[in-house]
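K.L.:
Single-letter residue listing:
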Amino acid sequence: MKTGRMRRTVWMAVCAALLTPPALRGQEFPVATKTLKNGMKVLVQSDHSIPNVALYIFYRIGSRNERPGTTGISHFFEHMMFNGAKKYGPGELDKVMEANGGSNNAYTARDVTVYQDWFPRSATELIFDIEADRIRDLSFDPKKIESERGVVASERRTRIDASNEGLLDEQLWATAFIAHPYQWPVLGWMSDIEHWTIEDLKRQFEMGYAPNNATMVVVGDVTPDEIFAFCEKYIEPIPQHAPPPPVTTVEPEQQGERRAVVRKPAELPLLMIAYHVPQTNNPDFYALNVLQTILFHGESSRMYQRLVDKDQIALAVDSESETALDPTVNVIVAQPKEGVDPQKVETTIYEELERAKKAAVSDVELQKAKNIRLAEFYRQMRTISGRANTIGTYEVFFGDYRRLFDAAKNYNGVTKEDVQRVATKYFGANNRTVATLALEKSVENAKP
Amino acid sequence: MNREIVMRGVLALTVMSAVGASRAQAQRLQIPAHEKTVLKNGLTVLLLEKHGVPLINVAGIVKAGAVADPTGQEGLAATAADLLRKGTKTRTAQQFAADIDFIGGFFDTSAAEDYTSLSAEFLAKDQGRGLELFADALLHPTFPKEEVEKLLAQSVDEAKGVKDSPRQVMLEYYDGYLYGGKGYGRPTDGDEITLKRIQRDAIVKFYETNYTPANTIIAVAGDFNAEGMKKKIEEIFGGWAGKAAAAEKIEATGPVKGKRLLLVDKPDATQTFFSIGNVGIAANDPDRVAVRVVNTVFGARFTSMLNEALRVESGLTYGASSFFLQWKEPGPFAILSFTKNETTTQAIDMALEVLKKLHTDGVNAAQLASAKSYIKGQFPPSIETSAQLAQLIASHEFYGLNDDEVNQLEARVDAVTPEIAKQVIAKHFPQENLVFVLIGKASEIAPAVKKYAEKQDTRAITAPGYWPGEK
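Going down the list, the sequences are from chains W and G. Under our numbering, think of the first position of the first sequence as 1, with each following residue one higher. Under our numbering, think of the first position of the second sequence as 449, with each following residue one higher.
Chain W with its partners taken away, still in its complex shape (with noise of 0.2 Å):
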C-alpha cells in the first residue's frame, strides 16, 4: 500500500528513513557539514564505490504552507523548477543533464519539496550550475505554465480518479484535519489546479525557495573540499531572503469519532482509518514505530496473522505514517475479501488495537521489530541516493543529521510498557477518522 516515488510527484508513502536505526558497529560514518553565507546548510558524505553522485535539496515548504485557493501550488512549483531559468531555459535544464549522463526527480510533500540529481562525478559542477540558475533566476512563461497544468490535471486523474487508495486518502485526510492544512492534498483540489495564476507562483518562490529555507545533502564519489568549493562558488553569491512565514494554526484535539463514505463502481471496497499522532520529533516516535511494526510488518504481524491468515476477511492491512513538522495521523489500509463487510474488518482492526492497549506484546515480539528496524536501517544505508535522503530526512524533521546515529539507542530504549503506553494513548475511538470506499454497482446508480 504504498505510493512509488514518480517523477515530479507528491510523497505520500512512509519515509522509511526514519523507521531505521544504526548498526551498532561502524555505522556512524562521518558527515561533512558547512553553513553558507547566505544559511544554506551543506552535508556531505564521501563514498567512493560507485563513480557517481547522489544530491539532494530539500526546501522546507509543502502543501502545509499553502491556502485554501490555491492548493497544490508548492507541488505545481516543484513542476515548474525543471521549466526554464535564466541559464538554462525551457527543457533545457533535462536536455543538459542526461546528455551528460544524470538523470534527475523531485516530490513535493505536506512539509517539505524535495530535488534529487543523480549523476556521474564528472558532472557535479554542471549540477551545480543547474541548481544555482534555478534557484536564483527561475522564468515564468505563461506558455509553459499552461501545458505544464495539463501534466498536472492528468498526473491528478492517474493518481486520484484511477486509483481508489488515492481517492479515499484525499478524503480521510480531509476530515481528520479540520483547521491545519494537512487536510488539503498535496496534489491540490482540481479547481485550483485549473485556477492558480503567474503571480501565485511568484509568491510562492519568493517565499519558500530562499538558501537559508534548504538543506543540501551530497553523497558519493566526491570529497567535502570540491562540494564545499563548488558551493562557494555557484550557492553562496545567492542572497538570503525571508523564509515562509510560521504555520501556526494547531489542530484542536478531535473529541469524537468522524467518517468519510466514498462511493464508486469498483471490483473491490476499501478501509482507511487514521488516528492523530505527534510530529516526527517527538519522543513517542520510536515506541510509535516498534508498535506499528509488531502489528504490520510481515506475514508475522499481529493484523496479518487476524485479518489475512485467520480471519481470511482482508487481502492486505498496512500502516502508513508520513514524516512531519507537526502533528499527524498514522494510517491504517485494509483491502477487504470480496463479499466481506467492511465493518466487519473495522471491528477486528479495532479488537487487535484493543489486545495491545490491555496487555504488554511479548518479548519475541519486541526483539522482532528491534531487529527488523535493524535491517531496514542496512537497507536504507546502502545506496548513495538511500544515505542522501536519509541524512536530509533527519536534518530537517529531526533539526539535525547526528540524531540518525542515536536512532539505535533509542528504539532499544523502548520497553513493553511504553509500546502498551502509546497504544492506549493515541489508538482511542474518540481519535479516529473513517474512511470507506462502498461499491456503486453501475455509474448510473452512483448518480443521486
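Among the hints, a few may not be true.
BS3-like cross-link-like pairs, simulated, lysine-lysine; straight-line CA separation at most 25 Å [stated by the list, open to error]:
#: 1; chain 1: G; residue 1: K804; chain 2: G; residue 2: K820
#: 2; chain 1: W; residue 1: K409; chain 2: G; residue 2: K573
#: 3; chain 1: G; residue 1: K680; chain 2: G; residue 2: K697
#: 4; chain 1: G; residue 1: K691; chain 2: W; residue 2: K95
#: 5; chain 1: W; residue 1: K87; chain 2: W; residue 2: K143
#: 6; chain 1: W; residue 1: K264; chain 2: G; residue 2: K707
#: 7; chain 1: G; residue 1: K707; chain 2: G; residue 2: K889
#: 8; chain 1: W; residue 1: K95; chain 2: G; residue 2: K889
#: 9; chain 1: W; residue 1: K344; chain 2: G; residue 2: K598
No lab work stands behind these hints, which were simulated from the structure alone.
Take the given structure of chain W and dock chain G to it, following the hints.
P.N.:
Okay, now just chain G, sitting in the frame of chain W:
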C-alpha cells in the same frame, strides 16, 4: 504479484547515475568477481562477495515460469511459488513467517514468464538461519490443503481488485491481445477464471516436475566468505535429488500482421490509458544494445521524443514512454501513455506521428551521443547492491548471457552508429503492423478510435479474464 507498467523515465524511475567520462579510462565499469559451481546433483550455484553493508541476498531461479502453466490453469506456477513458504515438513506457514520476520529478513516468490523467481535477504550475522529458511521453502514444501485453498481464494480476489487500477492491468490486456492468449499472452498470475480451476494435485505435480536441482540456479551475493558459503551450500543442497525437467516449449508467435485494436471499457474512467506496439526482441537478440540506445532516444527517458511531444511540449499527459521486454523468446514492444478522455485521439495521433518521425528522420549525432552518455551514466547504480547483483547474475545464467553484458556495455553502446540505428529502427520499430490496447470510457471514445484499425474488439473491464479468446 501483478506487473506494473514500466514507465521508464517517467514513472517509477528511481535509478541514478554513473561513470564519469574523465575517469572512464581508469575506472571502466566491471561486474564484481564471482564464481560458478555445478553441484553433482546438477544445481548451479553462483557466489559473489560484496562487503560494506552486512546484508546477504539469495536469488533463486527455477526454470519453469508462467509459460509452463497448463492451458486454462494460468497462475499455476505463481501459485506453487507463493505456497512454498506456506507450510514445510518442519514449519507451518505461521512458523515460517515468524522465523523470517524475527531476523528482519524477507523471502519472496513470483512467477515470471520464463521462470519462477525466489528471493531472500537477511543480515550477514543470520546467514545460517537465512539460508536454512530459503532451503526449507525450496526443498520441503508440503502444500497443506488449507493453505492452498486460502491462497487461491485470495488470488481470485486480487485478480478482480487489480482491475480497479488500469495502470496495473494494462500489460496483461496488452500481452493477451498481442499474443492472442497464447505463449506470453497468458496472464502470469492467472485471472478470475483460471485460478478457480487450479487444484492441489496440479500444484504438487508442477512442483515435483519442475523444482529439481538441475532445473535450478541459486545466486548468493553479499557480505560473506565465498569459500565458507560454498561449503554451506553444498551441505544444505547437495542431498537434493530429482530428475531434470524437460525444457519448456514456448509457442513462438511472430509479429502481428496488420492493425487491430482492443478497447477495454471502464465506464468511470476520466483518462484513457493506451499501449501501441507489436512483438519485440528476445533477451539474447544481437541487436539488443542498439535497440536500447535507439529506444532511449525514442521513449526511455524524460527527454525522449515521446515524452517531449506528449508531455513537455503539449501537456497532454503526465508521461509517455516506450519499452522492450526481453525474454527467452521475443517479448512485447510498446508505446505507453494516458490522457484525459477528450484528448484520446489527439494523444494517440501524436504518438504515431513521433513513431513516423523516428522512421523518417532517424537518430541524429547529437541524440545518439546524448543517449549513449545517459545509458552509461545511469548504469552503475543498477548494480550497486547485493540484491541487484544476485538477481543479475542469476538471470544472465538463465538466459545464457555473461559478464560482457556489464563489462562490455560501454564499448557496445559506443559502437552504435547512426547507420546501425537506422537499421535497428527499420527492423525493430513497427510502423505498419500495430496492436492497440486502450482502457477507457467506451461511450466517449469508441467512435473516434475506430480509425486506427479495421479489426476492433471490445470488452468490459468487469468481464473476467484479460484476452478476448478465440471466436
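K.L.:
All the hints need checking, so say for each whether the structure fits it.
P.N.:
Here's how the hints hold up against the structure:
1. G:K804 with G:K820: holds (22 Å)
2. W:K409 with G:K573: holds (20 Å)
3. G:K680 with G:K697: Outside the cut-off at roughly 34 Å; violated.
4. G:K691 with W:K95: Violated: K691 of chain G and K95 of chain W sit about 54 Å apart, past 25 Å.
5. W:K87 with W:K143: holds (18 Å)
6. W:K264 with G:K707: Violated. K264 of chain W to K707 of chain G sits at ~35 Å, over the 25 Å cutoff.
7. G:K707 with G:K889: Holds, because 21 Å separates the two Cα atoms, which is no more than 25 Å.
8. W:K95 with G:K889: Violated. K95 of chain W to K889 of chain G sits at ~35 Å, over the 25 Å cutoff.
9. W:K344 with G:K598: holds (19 Å)
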